[in-house]
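**Q** Going down the list, the protein sequences come from chains V and B. The working numbering numbers the first residue of the first sequence as 1 and each following residue consecutively. The working numbering numbers the first residue of the second sequence as 1 and each following residue consecutively.
Check each hint, because a few of them may be wrong.
Stated by the list, open to error - Covered stretches of chain B (chain V as the covering partner; in silico rule of three or more C-beta atoms under 8 Å from a C-beta of chain V):
#1 264-277
#2 469-482
Stated by the list, open to error - Each computed BS3-like pair below joins lysine-lysine, with the alpha-carbon atoms no more than 27 Å apart:
#3 V:355 to V:128
#4 V:438 to V:98
#5 V:96 to V:438
#6 V:818 to B:471
#7 V:961 to V:228
#8 B:468 to V:846
#9 B:53 to V:543
#10 V:818 to B:468
#11 V:355 to V:232
#12 V:232 to V:128
#13 V:29 to V:96
#14 V:355 to V:31
#15 V:316 to V:232
#16 B:471 to V:846
#17 V:543 to B:46
#18 V:775 to V:835
#19 B:236 to B:188
#20 V:98 to V:610
Stated by the list, open to error - If you anchor each label on the Cβ, the simulated ranges turn out as follows:
#21 V:658 to B:174: 19 to 27 Å
#22 B:265 to V:531: 37 to 45 Å
#23 B:179 to V:658: 29 to 37 Å
#24 B:468 to V:453: 55 to 63 Å
Just so you know, these hints were derived from the structure itself, not from any lab. For each residue, glycine too, the CB sits at the ideal point set by N, CA and C.
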Amino acid sequence: MKRIYTISGLLLLFTFFTTAVLAQNLTVKGKVTDATTGEALIGVTVAIKGTTTGTQTDVNGAYTLNAASNATLQVSYIGYATQDIAIAGQANIDIKLKASTNELQAVVVVGYGTQRKIDVTGSVAQIKGEEISKQSSVNPISSLQGKVAGVQITNSGAPGASPTVRIRGAGTVYGNANPLYVVDGVWNDDISFLNPNDIENISVLKDASSEAIYGIRAANGVILITTKKGSKNSKATINYDGFVGSQTISNEFKMATGPEYGELVNELNAQSIYPATGTAPFPDPSSLGNTDWTRQVLRNALITNHNLSINGGSEKSTYNVSFGYLKQNGTVETQNFDRYTLRIKNDFDVSSHIKVGYTIAGSMNNSRDINGDIFHQIYSALPIVPVRYADGSYGDPNDFGATSSAQFNPQVTLDYFNQRSKNYRVNGSAYAELKFAKHFTFRTSFGGDYGDNEVTNYAPVYTATFAQRNTTSKLTETNGKTRNWIIENTLNYNNTFGDHNLTVLLGQGAQSYKFNQTIASAENVPDNGNGYYLTQGNNFFIKDIDPGVYPLYSTVSSYFARVNYSYKSRYLLNATIRADGSSKFSGNDRWGYFPSIGAGWVISEEEFMKDQHLFNTLKLRGSWGKVGNMGVPASLATTTVSSPGGFVYVGPGGYTAIGSNVNTLTPPIIAWEKGSSVDIGLEASMLDNRLFAEVTYYDKKTENGIFAIPILASLGTSGGSIIGNSATFQNKGFEVTLSWKDKIGTDFTYSIGGNIGINKNQVLEVAAGSTAIYKAVSTTGTNNFNTRTVVGQPIGQFYGLQVAGIFQTQDEINNYTKDNLPIQATAIPGDFKYKDVNNDGTIDDKDRVVLGNPNPKYTYGFNTYFAYKAFDLSADFQGVAGVQIYNANIGSRFGNENFSQDFYDNRWHGPGTSNTYPSAFIAGGQNNRSNSFYVQDGSYFRIRTMQLGYSLPSAISNKLKLQRVRIYANAQNAFNFFKYKGFNPEVGGGPTVAGVDANVYPLYATYNLGVNVTF
Amino acid sequence: MKIYQNITAKNVAIIAFATTMLFTGCKKSFLDVPPQGAPAETVFWKTGDDATKAVNSIYANLRGWTEVSFAPIAIESLGSDETETGSDATDGSVPAMNMYNSFTATSTQGFIADFWIGRYQTVNLCNQVLDNIPAIEMDGALKTRYLAEAKFVRAYAYFRLVRAFGDVPLRLHLPKDASEFNIPRNPKAEVYAAIEQDLNDAAAALPPSYSGNDIGRATKGAALALHAKVAMYQKKWADVLALTNQVKGLGYSLFPNYEQSFRTNNENNSESVFEIQAELVPGNPDASNSQYSQVQGVRSVVGGGWGFNIPTQSLADAFETGDPRRDATIIFRGETTPEGDAIPNSVPNAMYNQKSYVPFSMYQSGFNEGCQQNIRVIRYAEVLLMNAEAANELGDAATAIASLELVRARARGGNNAILPKVTTTDKDALRTAIWNERRVELAMEFDRYFDVIRQGRAQAIFGPMGWKPNKNELWPIPDAEVQLSGGILVQNPGYN
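Use the sequences and the hints to build the structure in full.
**A** The following block contains the structure:
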């Protein structure tokens, strides 16, 4: 209540501000419009040059000014080049302003508004929609890869999947480390429903001062997305964009062939029963057959994309309607994905003071899914098993001596996996805006996000091979529901007093998030060929998908304010405060307060810079702020009752009864996880605006980091840990962006840009003190921990034994001693020789060392564009460096699975054959322990996109009654360079499990031909 | 038009205020969202139904991974001369298992931690019940029984802890606050005293038997029999004799067919004193989560299992000639089981545990192999053998011989040509005979390792495998726990 009165008090205060109007000789009138679109420009400063006298255009773009008849008007507006116009006695002067080519003069979208980049005191990068839509990526965020310094995008190859996005490193461990997406004011966790063609621009907010206005969920960065709208007074423009292409595996991963496999299994057999006895399983490996499972399972897959949009506007309204259709076949046989999107945006000027508008977007996608184990199967399936026998029945691994861990024919896995998913999403917002008392704008908006997803999985009864069979059919239906809404009210005040410009924003909002997912299943459901019905089966079972996590329901109430002040466009000040109350926290810790302050000095506006010609603009900026992270599970400080399946009481005859108990310890309180960051940057536009440079230093700390710290196991909790605000993490580094654009003659234009982010991730403090937190991520064996999080080191670093070499002979094992006792007595030749780091004569967990870092130190990109007459060519390059991957695939073996060809080529198979790769017995003995062999260089460099376009000369397109026709050929991810010995160096994963490769989607390239037509 | 020009900031403030109040006016209720998915503890522990659910969880937990799978195999079985690792040399868990077979496991090895964690998780579930149920208003008789059931299970958990680790932190209540988190190890004698107190309380309150859906819950006989075993480990022979005599008075009898008594259709039979219940619950693999049979099942056959904890030749040779228990205890490679499963010669191990065996035809895809199999914790046969041993120690050879003969007679199955009655009255010879009988009668039931240590014969029997006196009587306590305690917990001798 108190807070509300404060707001209205401030409102009253603003009404006392007035604009000074001075009497002059001649009254000049006119209208200021955009030179390209013809749209009226509101709030343009029209001043008399050399004086402090001036005015601003009204909502119709009109201005009136008294001036001396020989004076000169100086017309300036953000994002446009300033114009000087001599009055020369004219009483009516209409002015057309041209958009500025200076990057720093461009308008960027910031939280709850727009600003010239020159006026921004934080780190904001903006990408134009066309940069996104011209790529063949299905998810718009995937296309940001390599475009923005400090933004690490890790793409997944799965159709329709969202990439992992880290802005300035991972800043949370327990919560969600993905950024917040704000689409036309609606907050989202994921935007895979969004059609890239609908995007006008994307703004990435990287520092706390620009993010703090989104306090609550801004700790991982904020990505603002504005969708396209029509322009006023324009005829309907119809655009068609479409492409068709093929996705192919770009770095084909080779497995051992049948004969090679035979040799390896013979060696494995000899090693596992050492010294060897009996006969080799494959006396004549060269006679073995060969199935290339990679080629059998993977394919070149078609991708088709069509987008049609119509936009335009009248004097009082604009509209934009777009429709998109995408069909993407997966690179795995049987897999496909299609998506339909529809977006309608309308804005109306109800009067000169009132504007209303809405956006409504619907999307629907369908997919036929694959069994997620298929990549592991490609990696493991025996190459000596044929896909099918001559009689058409499936090749059976059991006929070829497969151990239970390799009892699969991947073709059977593909053929009998029957799962379809559907997603429906309706997402939209509506607003009303009222301008009053000249300088005020009140805006109220409501947004909603409603989604449903359905996954239907049917396991039929079948017998394909010895182990691949199913005796009881089962239908499983998973249904998820998303129900989110957001309401916001803002009041904006903007005024210029001579050299002072002031903008004040006050806002209030409320949000609600609900998500639930339930699974229903039934057994013995008949497969009658036209759908499956739960009601036709028995043994019904229904549950929440994961009662520990879902359903989710949380609410937020917020108040926020921002002041932007500038003096002579030279000294800039920006301060924000946001207060958020979240239902996820309780009591006094419920409200979080997130302040920020930023300052800028536009050095180029100073008198002493007047005579230099190097810099067009030069700005130094610095900011500090705090942001929150609400992406943590709700009610962490509330002890709840667990009722997992493992607590179900069972009795004779299949009697069951629910069991519940308390098996966790909860902290007495949980407070907001807060990110605080310092950001200092220098931005310059040089050499006639041809060179743009930006250098930023940042130091981002996550304080009160929510973290599960280990507690004594004798307390008997289920996870062995207690959650608390118990850690501080830091990401600090530099970002450099450089771009050059120029023209040579009249026909050739080009631009070259590059960016690099250097980040260091470190845990500064953990309540557990020096006790490390270990995780076993996709390793075999019990408690075979391969990642560690500890003070002074990066989150989730790789940890394990140090390989000193490979034991070549029994003598070498016997001679590897401490105090005359063998250190690895049970080793055999071909095994890893581990370093006895603590020198105690045994190899155990106390000998582990740091093996690598899954958080890349460097992320970089280069972007180029060349246009000559009707041709245009662009090429983007991108990469990461200073990063490691834990290759969990190599050691993940339980029997006679296949090996990679790299392993075959380099393995130890007798004294002197290798001192780096072990024998085929790699999963046996102590060889599977987390160690330095499994940690590999994860750096890569790739040609992200290459695109060549040709626009038809207007003479021809006009004949076809078309405004513009451009055809292009595009290649994405065509060339990738990396040393990593796995499918794909792009390995995602949450903060403590990042960079562990187990079952990663193979890397593929997309080649497509497309056309852009404007009617 | 004019109307808009007359809009003042004050009017807008009123609109803003009104909209604000509309959505956040009842600010308290808007931000007060109850926990989703699982109820808060504050609404639990209120009714008799809550008490039932909590006690249910205690029993369900007993079939969990750390209770019946790898950790018990490592800690309670592999050290003995009756089992070895088994499985396939290429399986990632084999090296770790081998460390228990060869007594090379160090305090950082995972199964030690798992065994410790698992027992204390059980203790916590029991303490939750024991601390919270007394305040619930409910049927008094049922409440008394529930408390007694929790005490029985807690005693079982502490008995396994004290056998494996010696002194252990004794938690008989939930910690009040963080100051009670980090407590030192209590001397073994205190732990034993607490176990015996729990079992006395349990035996006094538990019914001798149950009917219907309650079959399988802890009985008076279970409490007495477990107490007898606890007393036997402390050589309190008079107590062992008295307690086993009480059990004898409760109407148990040996199941006629030894081999068949371990099959799923003969679960909870007349010989069963305490069995952990496990079922295949159609549609619910989470509730069918026992892996007891799976981890020991015949490797490399569908419906079998992973093939760990396999019988040794030493065990196979320990049976007297013609003893049918040999074939009932061990699945030999190449044999056909009485249930008709032919074990192919291609399986990697020569022998598997038959007592955990579930016919392959009962396997259902999507479920753990053999998840139906109950785990026999205490059989009446063991009660008789404890009775015999105690009687012999107390000089009553006649009673000892009589009890022993009951066990041998059942094994004999009517074939008088085998397993002659033991007749010696020499105390040492009779003791040896009883110990040998324990070895074969209880083979593959996770008894042998600690039994031999209790008998004081470990160096003689396990020494050749690497067992060392003054060290291997106990396993190390988990290194992570020692580290977390910051010096409050002290490691067992010989492990640092």
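**Q** State for each hint whether it applies.
**A** Do the hints match the structure? See the list:
{"no.": "1", "hint": "264-277", "result": "holds (count 3)"}
{"no.": "2", "hint": "469-482", "result": "holds (count 4)"}
{"no.": "3", "hint": "V:355 to V:128", "result": "holds, 26 Å"}
{"no.": "4", "hint": "V:438 to V:98", "result": "holds, 25 Å"}
{"no.": "5", "hint": "V:96 to V:438", "result": "holds, 23 Å"}
{"no.": "6", "hint": "V:818 to B:471", "result": "holds, 22 Å"}
{"no.": "7", "hint": "V:961 to V:228", "result": "holds, 24 Å"}
{"no.": "8", "hint": "B:468 to V:846", "result": "holds, 23 Å"}
{"no.": "9", "hint": "B:53 to V:543", "result": "holds, 17 Å"}
{"no.": "10", "hint": "V:818 to B:468", "result": "holds, 21 Å"}
{"no.": "11", "hint": "V:355 to V:232", "result": "holds, 13 Å"}
{"no.": "12", "hint": "V:232 to V:128", "result": "holds, 21 Å"}
{"no.": "13", "hint": "V:29 to V:96", "result": "holds, 14 Å"}
{"no.": "14", "hint": "V:355 to V:31", "result": "holds, 20 Å"}
{"no.": "15", "hint": "V:316 to V:232", "result": "holds, 7 Å"}
{"no.": "16", "hint": "B:471 to V:846", "result": "holds, 20 Å"}
{"no.": "17", "hint": "V:543 to B:46", "result": "holds, 24 Å"}
{"no.": "18", "hint": "V:775 to V:835", "result": "holds, 22 Å"}
{"no.": "19", "hint": "B:236 to B:188", "result": "holds, 15 Å"}
{"no.": "20", "hint": "V:98 to V:610", "result": "holds, 23 Å"}
{"no.": "21", "hint": "V:658 to B:174: 19 to 27 Å", "result": "holds, 22 Å"}
{"no.": "22", "hint": "B:265 to V:531: 37 to 45 Å", "result": "holds, 39 Å"}
{"no.": "23", "hint": "B:179 to V:658: 29 to 37 Å", "result": "holds, 34 Å"}
{"no.": "24", "hint": "B:468 to V:453: 55 to 63 Å", "result": "holds, 60 Å"}
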